[in-house]
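Participant: Sequence:
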Amino acid sequence: MANTQVIPEGGTWFDTLTRGFDAVPVADDNAISTSEFLEAAESLTTLFDLLGSVAFTPVKNDLLGNIKKIRDRQLAAPAESETLQALVLNEIKAKKNTASVGFLWLVRGLDFTAKALRHNISFPNDELSTSFRSSLR
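Using full-length UniProt numbering, read the sequence shown as starting at 1 and increasing by one per residue.
Possibly wrong hints are sitting among the right ones.
Stated by the list, open to error - With a straight-line Cα cutoff of 30 Å, these simulated BS3-like cross-link-like pairs (lysine-lysine) come out:
id: 1; residue 1: 115; residue 2: 95
id: 2; residue 1: 93; residue 2: 115
id: 3; residue 1: 115; residue 2: 60
id: 4; residue 1: 115; residue 2: 69
id: 5; residue 1: 95; residue 2: 69
Stated by the list, open to error - Taking CB as the label site, the calculated pair distances span:
id: 6; residue 1: 77; residue 2: 7; range: 21 to 27 Å
id: 7; residue 1: 55; residue 2: 5; range: 14 to 20 Å
id: 8; residue 1: 105; residue 2: 6; range: 26 to 32 Å
id: 9; residue 1: 129; residue 2: 7; range: 20 to 26 Å
id: 10; residue 1: 61; residue 2: 27; range: 29 to 35 Å
id: 11; residue 1: 107; residue 2: 23; range: 15 to 21 Å
id: 12; residue 1: 89; residue 2: 12; range: 35 to 41 Å
id: 13; residue 1: 101; residue 2: 23; range: 24 to 30 Å
id: 14; residue 1: 128; residue 2: 77; range: 36 to 42 Å
id: 15; residue 1: 18; residue 2: 137; range: 28 to 34 Å
id: 16; residue 1: 18; residue 2: 75; range: 25 to 31 Å
In short, the hints are calculated from the structure, not lab data.
Even for Gly, the Cβ is constructed at its ideal location relative to N, Cα and C.
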């Protein structure tokens, strides 16, 4: 995994993100903007470059593959894909499920990553690999 990010002097990896999940708009009806969510998810995958181990390549590629499935649907039907909820509902109406299944697996991958990082913060003496293995439970 090539590390192509440039962390500004005095900054952190967070400063390199195009968008964080905290900046993804959520409407009053809990609708989540598709474009901004995908941008945040893509930004998060650069974390695996920072970790610098090829062991994380499958996780990163899985996340990016699922992002691509959602983005492909969004590009194919932009008016029906402004929010993730609308994208899924309209894909169901079209009797398709590629993006919906991709969304399911993307969320699972993001949850897996979040659990691993939480474990690593809670148990700082554990190896990162231990934290990721523990997140499978």
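Participant: If a hint holds in the structure, say so; if it doesn't, say that too.
Facilitator: Here is what the structure says about each hint:
1. 115 to 95: 33 Å, violated
2. 93 to 115: Not OK: residue 93 and residue 115 at ~34 Å, beyond 30 Å, violated.
3. 115 to 60: Holds, at about 15 Å.
4. 115 to 69: Status holds; Cα separation ~24 Å.
5. 95 to 69: 16 Å, holds
6. 77 to 7: 21 to 27 Å: 37 Å, violated
7. 55 to 5: 14 to 20 Å: 19 Å, holds
8. 105 to 6: 26 to 32 Å: Holds, since residue 105 and residue 6 (Cβ atoms, about 30 Å apart) stay within the stated range.
9. 129 to 7: 20 to 26 Å: For residue 129 and residue 7 the Cβ distance comes to about 23 Å; the hint holds.
10. 61 to 27: 29 to 35 Å: Because 31 Å falls inside the window, the suggested range holds.
11. 107 to 23: 15 to 21 Å: 18 Å, holds
12. 89 to 12: 35 to 41 Å: 38 Å, holds
13. 101 to 23: 24 to 30 Å: Holds: the Cβ-Cβ distance is about 26 Å, inside 24 to 30 Å.
14. 128 to 77: 36 to 42 Å: Between residue 128 and residue 77, where Cβ atoms are some 39 Å apart, the hint holds.
15. 18 to 137: 28 to 34 Å: The hinted range 28 to 34 Å holds for residue 18 and residue 137, with Cβ atoms some 32 Å apart.
16. 18 to 75: 25 to 31 Å: 18 Å, violated
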